[in-house]
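*Asks:* Spelled out, the chains give:
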Amino acid sequence: MTTLTVERGVSRAAATRAEPAPIPLTRIIGVELRKMFDTRSGFWLMTSIGITALLATSAVILFAPDSALTFDTFAAAIGVPMTIILPIIAILSVTSEWSQRSALTTFTLVPHRGRVMWAKAICAVGVGVFSILVAFSIGALGNVVGTAITGTELIWDLSFENLLYITLANVLGLMMGFMLGVLARNSAGAIVGYFVYSLVLPVIFNLLAAFQDWFRDVQGWVDFNFSSSQLFDGALTGTEWAHLGVSGLIWLIAPLTVGVWLVLRSEVK
Amino acid sequence: MITIESLTKRYGRFAAVDDVTFTASPGRVTGFLGPNGAGKSTTMRVMVGLTPPTAGEVTINGRQYADLPNPGFEVGVLLDASAQHAGRTGREILTIAQRTMGLPKLRVEEMLDRVSLTENEAGRRVRIYSLGMRQRLGIATALIGEPQVLILDEPANGLDPAGIRWMRDLLRSYADQGGTVLLSSHLLHEIEVIADDLVLIGNGRIVAKGTKAELLQAAGTVVRSAAPATLSASLEAAGIANTMTPDGSVRTTADPQRVGQVALAAGVALTELRSADGAGLEEMFLELTAESQREGAAA
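Read top to bottom, the protein sequences are chains A and B. Take 86 as the starting number for the first sequence in this note's numbering and just add one per residue. Take 22 as the starting number for the second sequence in this note's numbering and just add one per residue.
The hints are simulated quantities; they were obtained by calculation from the structure and are not laboratory data. Hints are supplied without guarantee of correctness; some may be wrong.
What the hints assert, rightly or not - Distance ranges between label pairs, derived from CB positions:
1) B:G58 / A:P107: 31 to 41 Å
2) A:G274 / B:Q198: 43 to 53 Å
3) A:P105 / B:T266: 49 to 59 Å
4) B:T232 / A:W346: 36 to 46 Å
5) B:R145 / A:L147: 35 to 45 Å
6) A:T132 / B:R186: 38 to 48 Å
7) B:K126 / A:F300: 53 to 63 Å
8) B:Q198 / A:P107: 24 to 34 Å
9) A:F317 / B:F35: 44 to 54 Å
Unchecked claim - From the derived model, a few chain B residues whose C-beta atoms are all more than 10 Å from chain A:
10) E142
11) S151
12) D190
13) S194
14) H207
15) L209
16) N224
17) E235
18) A250
19) A259
20) D276
21) R295
We put the CB at the ideal spot given by N, CA and C, even for glycine.
Just chain A, same shape as in the assembly:
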C-alpha cells in the first residue's frame, strides 16, 4: 500500500512537470564556441592568430625589399602561421574532450554525439573563417602602413576571388585537422598526424612526382595537399576542381566519415 501511494505521488509530480524542450543545435554551438575560449590554453591559442599575424606583418615591413611590399606578400607571410594554428585549433576542440575526459559530461548532457560533432565542426570552421578575415585585415593594414613608411606605391595584387580561394584552402586545412582529431581522439597523435600530412607527405609525393611519370599524371587526383595548394595560385580549372573533389574525398571525407562513425559508437570512459 505504502509503495503504491508513493509511486502514485511521484508519477503525478512527473506528469505535472512540463516535458523539457529538446536542446537546439544553436545552443550546442554556443556552448562549444565558449569551450574553445574558456581555458588559458584555448584563449592564448586563439589570441596567437592575431599575434602571429601582427608579427608576420611587422616582419614584412621591416625585412622585405620595398618593391615586395604588396598585399600578396603580406597575405603570404600571414598565411604560414595560419596553416599551422587553425588545424591545431580544430584538433584540440575535438581531442580535449577525450584527453581531459570532459566527454563524459558533454555526451551525458547531449547524448546525440553527432550533434555535438556538428557543433564542433561548425565552430571550428566559423572560428577559422573569422580568423582569416582578421588576418587579412591585419595584412591590409600592414600594406597601407608599410607602403606609407617607405613611400612606395600601394599595391592590391589579390582579388576578392583570390581571398575566397585562400580562405577555402585554409578551411580545408583546418578540416584536415578536425578529421585527424576525430579519428585519433588524442591531441598529440592528431597534431603529429597533421604535421606528417602537411610537411612530410608533400616531400614524398613531390619526389615521387619528380621521378615517376605515372605518379605525376595522377598526383592531382590522389594528393590533397597538392590539389588544395592550387587554391593559393588563383582560379582553378575544371580539372583542378575535380582533382580537389576526388583527393578531398580520399583524404578528408572518407576518413572523417570513419572517424565520426567511431565516435558515435565508441565507449566513452
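Place chain B on chain A using the hints.
*Replies:* For chain B alone, coordinates are given in the frame of chain A:
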C-alpha cells in the same frame, strides 16, 4: 525510476556485465554494491548511453536515455569526478552545464552555494581541486537541472567525514521528496547507512538484491553466551544449523526470537542476542563476491 533489464556487456569473451536486471524506485535510495571491477561503473555508463550494451535495455522513467529531450533535466549523472577539464574553473564547468540545459544563469551560483564551494574556490581551475572538491563540483553539475533521477558512481570518494555526512543528508532528502537515487560503492558501511534497497554485484552478475531490511534479516543472528558450546549443541538439537566463531559468539541464519526460545528452553544464559546486521551483511558480501575479490574470501 530506473529499469535495467537483462543487461549484458561483453568485451570479447569477457562479460563485464552479465544479465543484470534490477530496478531503482522513486522515493528510495538504491545502493549498488560490489568490489572493484565487479561491473558497477560499466552498468552505470550503459544507463546514460556512454557505453553501448551487448544485450538488454535500460530505461529511465520509461524511456531510453538517448530519447530524453534534455537529459540534464531528468537525470543527474556523476560517473567520475576526475573527468572534468583541468583548465576550466569550477564555475565555468557549471556554466557549461547551465548553458547546455538552457537554465537561468542564477542557477550556477545557487548550486555552488548548495555544494559549499566558496566564491574563491569556484574561481580556481579544477587542476588544483582536491578530489573532495571535484566531487562537490560533480554533484553540483548533476543537481543543476533539478532532475528526478540521480545516478552517482562512488560519490563519497575523497570526501571528508563531514562531506560524507552532507552527501548522505542530501541524497536522503532527495529520495524523501520522491526522487530516484542510485549510488554505487565498494564500501559496504557507506551504503548501508543510506540505502533503502541494495543490489550486490560480483563478477558482472547480481548476487543479491532486495530491501536493506530483507537482506539484513537474511544475514541471520549473532548470539553470545558464557557457555557457547552448550548453546551451539542445543541449537543443533533444535534443528538450527549454526557456527561457532573464534571470538566465542554463535552465528545462525535463524531469527533472534527462535534462537532466544531455544536458549531459554535449554537453560543457557545469554549475554548477547541480536540480528547480525552489518557484520552479517559484510560477511555475505565478502562471501557472495568471493570469486571476484582479489584478496579471496579470507579478506
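*Asks:* What are the numbers of the hints the structure violates, in ascending order?
*Replies:* Those not satisfied: there are none.
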